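Protein chains: 2
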Amino acid sequence: MEKIAIGTNFFIPMPVVLVGTKVGGKDNFMTVGWCARANANPPMILCGIGNQHFTPKGILETGTFSVNIPPAGLVDKTDYCGLVSGAKTDKSQVFEVFYGSLKVVPMIRECPVNLECRLVQSVTLPTNTVFIGEIEAAYANPEVMKNGRPDFSAIDPLLLTMPDNQYWRLGAKAGDAWSAGKMVKTKPTLGPEGRS
Amino acid sequence: MEKIAIGTNFFIPMPVVLVGTKVGGKDNFMTVGWCARANANPPMILCGIGNQHFTPKGILETGTFSVNIPPAGLVDKTDYCGLVSGAKTDKSQVFEVFYGSLKVVPMIRECPVNLECRLVQSVTLPTNTVFIGEIEAAYANPEVMKNGRPDFSAIDPLLLTMPDNQYWRLGAKAGDAWSAGKMVKTKPTLGPEGRS
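Sequences listed follow chains A and B, in order. So my numbering is basically just the index in the first sequence, starting at one, shifted up by 41. So my numbering is basically just the index in the second sequence, starting at one, shifted up by 41.
FYI, nobody ran anything at the bench for these hints, they're computed from the structure. Because the structure is a prediction, the values reported are computed rather than measured. Treat the hints with care, since some could be wrong.
Here are some chain A residues the structure puts well away from chain B; computed CB gaps all over 10 Å [claimed, not checked]: (1) G66; (2) K67; (3) G74; (4) E102; (5) V135; (6) V145; (7) N182; (8) M203.
Okay, derived cross-link-like pairs now, EDC-like style, lysine to aspartate or glutamate, Cα gap no bigger than 16 Å in a straight line [what the hints assert, rightly or not]: (9) K44(A) / E184(B); (10) K223(B) / D117(A); (11) K44(A) / E137(B); (12) K44(B) / E151(A); (13) K44(A) / D131(B).
Which stretches of chain B does chain A cover? Using the computed rule of at least three CB atoms under 8 Å from a CB of chain A, they are [said to hold, decoys possible]: (14) 61-68; (15) 105-117.
Where is the CB? At the ideal position from N, CA and C, for every residue including glycine.
From just these sequences and the hints, can you work out the full model?
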């Protein structure tokens, strides 16, 4: 089967988060799909944000930001925060806000998991900046905890795909990680030295 | 409702990709969950990879890497590539490999979408390095194209959640992006200046 060349502007499936910042003293939230873990120890997370946006001002002003995981039930408000700019619209009242140990970082009570981050490094690229933050504290709503850990079936997170511009929920379980592959060829070596 | 503090080592839902590299002249593939877009124009993508892994050697040796999107049907081989290290196990025969315009970058024919990337910048963090690459070319299998664009229902990508270590497929559609939020409050301003 022949591969065909497609445009280079391809987007992998994106976890949808709401990035919270205090901009000019006002709470602001932005919908972000370019978000991933960046470092294992200490735990760090990164967000890629367009340089023309309002949120970077707050991240650089305060050296902090929050990453909030919206449930599927918050899809409308989540999308809204990606449609309107804090430069033109006050989004401080869209959600119930709470603060954690860093005091200045607004987090969203309706989001079942909230990460409170301190900016470690920002990587400026032509049209976007990748903000890397250390996770200083993390909070969850009790109802999403299972055996002392956050349970993603209960969190019910959103995924975003482009260019079809669709939000999705998690679907069927497709396999067990660090397990399904043991069926392939020889039994693999485990442990840090055995990771690919 | 009171929030409870949880450990800081929280993982958001992760799109699962296979990073292809040529290491010491041999094709190698690593399962990566820390992957996101990094820049809009030119299109760039990033991968966070543990510094002890084998794959970074190939990325730095060649200045290139590929990002391959495995379908749910490849979950076993995808997990396998995260279980065994190229330092100990030859993974060059796990998939059918093809090459694109950069010649040196191995890509996986069984993966419906493949991104051929040139390393732009690497950001070294305490335990991991974030590799940022420009998407030089992208390829797709004809059967996942719909109206000239990759269709994610056909791609059937994998998501990974931790600490439950579960692979998931995309589930029910949860809403239309850049649309669902128009129901919230006033109709938002669109366009680059109106983005949050």
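Each hint, compared with the structure:
no.	hint	in the structure
1	G66	holds, 17 Å
2	K67	holds, 13 Å
3	G74	violated, 8 Å
4	E102	holds, 16 Å
5	V135	violated, 7 Å
6	V145	holds, 17 Å
7	N182	violated, 6 Å
8	M203	violated, 8 Å
9	K44(A) / E184(B)	holds, 10 Å
10	K223(B) / D117(A)	holds, 8 Å
11	K44(A) / E137(B)	holds, 12 Å
12	K44(B) / E151(A)	holds, 10 Å
13	K44(A) / D131(B)	violated, 25 Å
14	61-68	violated (count 0)
15	105-117	holds (count 5)
When each numbered hint is compared with the structure, violations occur for hints 3, 5, 7, 8, 13, 14.
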